[in-house]
Amino acid sequence: MCLAVPGRVINVVGDEPLDRIGQVAFGSVVRRVNFAYVPDVAPGDYVIVHVGFAISRLDQEAADYALGLISELEQANSESFSADCPAGLPSAGEGRP
Amino acid sequence: MKYVEEYRDGARVKALAQAIGRVVTRPWCIMEVCGGQTHSIVKYGLDQLLPGGLDLIHGPGCPVCVTPTEKIDTAVWVSQQPNVILCSFGDMLRVPGSSEDLLTIKARGADIRIVHSPLDAVAIARQNPEREVVFFAVGFETTAPANAMAVYAARRQALTNFSMIVAQVLVPPAILAILQAEDNRVQGFLAAGHVCSIMGTNEYELIAATHRVPIVVTGFEPVDILQGILMCVRQLEVGTSALENQYARVVRPEGNSPAKALVAEVFEIVGSGWRGLGELAGSGLALREVYQSYDAELRFPGPCSVTARPSTCQAGAVLTGQIKPPHCPAFAKACTPEHPLGAPMVSTEGACAAYYHYRRRSIDGVVPVPEFTVS
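Residue numbers (my numbering), protein chains in the order written: chain G, 1 to 97; chain S, 98 to 472.
It should be emphasised that the hints constitute simulated quantities derived from the structure, not laboratory data. Among the clues, some could well be false.
Residues from chain S that face chain G, not an exhaustive set, calculated with beta carbons under 8 Å [stated by the list, open to error]:
hint, residue
1, Ala108
2, Arg109
3, Cys131
4, Ile211
5, Thr239
6, Val320
Each residue gets a CB set at the ideal place from its N, CA and C atoms; glycine is no exception.
Same shape as in the complex, but just chain G (with noise of 0.2 Å):
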């Protein structure tokens, strides 16, 4: 029910913050979106879509910081499997950087 889909935004038209709207495609598969809530997307955004509204803009960054934390495991893993994993995802109170 709360499923929600990642898109690349093809487009974006309508000037009022409430209703803008656009085509998002995802994979080869291209839908008119709502960018009601999603007030400074762009087209090359990715969104996630969930009932013709996308709720969020995906941030790059965040998503590369987290991917990163699993190379560093992967890494780890290789190297040793009797250590105590030396680089792994923060523990609680540890900011991103």
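Once you've looked at the hints, dock chain S against the given chain G.
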């Protein structure tokens, strides 16, 4: 597809599962709140990659599943009123009411239409000014902005033939109910990423602090879920109880401000009934007074007496994580997706449907081929 494939990558899944195996030293119970997460866990066999003793409890995060029978009965009744077109997300049509479901009524001739967005229902109202168009507005916080926009748009377009049956519920009161239950086993939560993309993380930070329980806002792909579990077990092992955000590519701490603003403009917070959890204070949304002319339950006042059918279905126990679907005596016998006794067998995000689709053969003794393997 970008932002999908990298989160289904076998090497990353393996690295995370190995890291979880190294971190865990004791048994732990973690609840994934959202039905979308349950679906991924069961579909990809993620629970089978975890060390023994690390138990995933499936939460109540499926709006279709928790919508009480009374609301289904209301929709069934409204759809049979003269001149009505009832619009609904497809999932709701098969959910059993106390005596009938919407699909049966539709087969008997009621004009019930499946829509993919609440705005589709507004468009149908605009195109059919001589008909009464009613939208069955089911959902959690994720869907509330879309449902709010439908009412807001109908009012701006001066449509007088549009209304909605509101069955909107809020997640934090359900988490609190689970934590406060006497037999609660949940020690950490994976919070629902898309709900938090709207609401932000404040409410969860408060729950984590006051109930001393780690909460990790988590996405829906295999890599997301295992990373969320790793973050959660790391906290459990060292005894911290903070709010963390695994799904930062989508969820900002403040949530989606324009969406929250329109939800607050259209809806107010009220008590609501949940299948499995009962009546929970402050857990639902209702139309504010200024929008009450769009309330289908006021427009079509009808009988609301419910006579529960005797049933072996244990949906309530499944929804609160007390049992797993195969432990229900009706599972895959009296209750199947074709003939569901309870809502969790209907929705693709229902735990019973997920087990039926992906685990039934293994329950019958056929070992499925795992999606991922961890050597």
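Do the hints match the structure? See the list:
{"no.": "1", "hint": "Ala108", "result": "holds (6 Å)"}
{"no.": "2", "hint": "Arg109", "result": "holds (5 Å)"}
{"no.": "3", "hint": "Cys131", "result": "holds (6 Å)"}
{"no.": "4", "hint": "Ile211", "result": "violated (12 Å)"}
{"no.": "5", "hint": "Thr239", "result": "holds (4 Å)"}
{"no.": "6", "hint": "Val320", "result": "holds (7 Å)"}
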